[in-house]
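Participant: Make the full structure from the sequences, and use the hints.
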Amino acid sequence: MMRAFFRVAWIVVKKDLTVEVRSLEILSTTIFFAVTVVLMFSFGLVVDGRPLNDVAAAILWVAIAFSGTLALGRTFERERHNDTLRALLLAPADRPALYVGKLAGILLLLALVQVVLVPLVGLLFGAPIFDHGVHLLALLAGGTLGFTAVGTLFAAMLVRARSRDVLLPIMLYPMTVPVMIAGVRGTAALFQPTPNLEATQFWIALLVFFDVVFVTLALWTFDPVMTD
Amino acid sequence: MLALAAGMFALAPFMINAAPNEATMGLVYKIYFFHMPSAWMFMVAAITAGIASARFLFLKRPSADGWALAAGELAVVFGAFTLVTGPLWARKAWGVWWVWDARLTSSLMLFMIFVAYLLLRKYGGPGSDKLGAGMALFGMANVPFIYVSVNYWRTFHPLTSVVPTLPVEMGIPLWYCVTAFTLLFIVLLRMRTRLEHQRARVEALYLLEDES
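Just so you know, the protein sequences line up as chains U and H, in that order. Counting from 1, position 83 in the first sequence corresponds to residue 83 in the numbering used here; the numbering is continuous, with no gaps. Counting from 1, position 56 in the second sequence corresponds to residue 56 in the numbering used here; the numbering is continuous, with no gaps.
Calculated from the structure, these hints are not laboratory results. Treat the hints with care, as some may be off.
Covered by chain H, according to a simulated footprint, are these stretches of chain U (three or more residues, beta-carbon under 8 angstroms) [claimed, not checked]:
| # | stretch |
| --- | --- |
| 1 | 48–60 |
| 2 | 66–73 |
| 3 | 151–158 |
| 4 | 180–188 |
| 5 | 198–210 |
Each residue gets a CB set at the ideal place from its N, CA and C atoms; glycine is no exception.
Facilitator: As structure tokens, this is what we get:
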């Protein structure tokens, strides 16, 4: 039972990766988009050649949210194109397994984006990204998982909806406010001259809790929501 | 019931007028008599929408969708009322229109979630009832997270514990207003739900006629 579940999820991931590796379309455009976002915000938030307080953390997380939305939208647009999502849903497989597969694929994509994004922010703003690497990694993983868990469900629901491009961020951003606050505050606490590890740990705990609740809820609602 | 609610609202200004002025804030605090009840109804509407959506999604009750939509609309109405009366008071009491306080921010975020819900219902096209239900359910589950995160972020709203400590002359009009708002909420919810159910029936009848 469990093995079948993960086998289905793995097949979905493999399918998405194969499509992506052949074109690199979503990965390359999303990375470049993230870099552009960082630069756009820098022009607004760097005054007299100096960044404002905590600006590195804020820009990092805004860039993650924006590029995450883009990746989610593009991934499901691909599924919509030839109505392949319907084919997936018709397959004799657990619906939640399909969700997990899609989620894992997008997480992998965003992880690759962050491999470029985080060092870029560290470089441009002199942020100490390696001093407490484990903490930063936990924040990034927890935040991205929470954001993507909600986002994958919403993007999948919106495949058949009209004006889905604008509805996805409208629905997703208010819903993931806790992730943004936790991510930004946790990262800002790490980037201080003397890092406040206690605060960071609180935010990591909040993110873990958020992830558990929303992944469970998403697994639970994916089936009824995707049924016609 | 509609008449009763209307009557209570007609009387409310007199009740509020009769309440004594508060020592430091004087007359301004009286907006609280409308602010707090609408904030409560905002919460009640949000919870109603969440529960109705869960019933629609998991128990497949078609009628629950009408309740969810009606409650979602009321959440936006009462939320807007709360968010307008709050800053009016804050301008006088704190000297600014808006502060990034835990309650204010989380109310605003909840309001945004329900505006997004209504946008989705209106422009989502076919199937948006299910999408909306999923979203309302997530929104309800999100409330504690928003609250905790924003709370840890910053706080300076008057505490809830102020209510039981109010003197009687202020307490009576306050509870009177709470009752009036609750009645208004129930009346509007029932009317809007009936409208929605009838709209669904008319639609079903049209579909039936098209088939025959």
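Participant: Hint by hint, note whether the structure agrees.
Facilitator: Evaluated hints:
1. 48–60: violated (count 0)
2. 66–73: Three-residue rule not met by the stretch 66–73 of chain U, so violated; n is 0.
3. 151–158: Holds: 4 residues of the stretch 151–158 of chain U have a Cβ under 8 angstroms from chain H.
4. 180–188: Check passed, 3 qualifying residues.
5. 198–210: holds (count 4)
The structure is inconsistent with the numbered hints 1, 2, although it conforms to all the rest.
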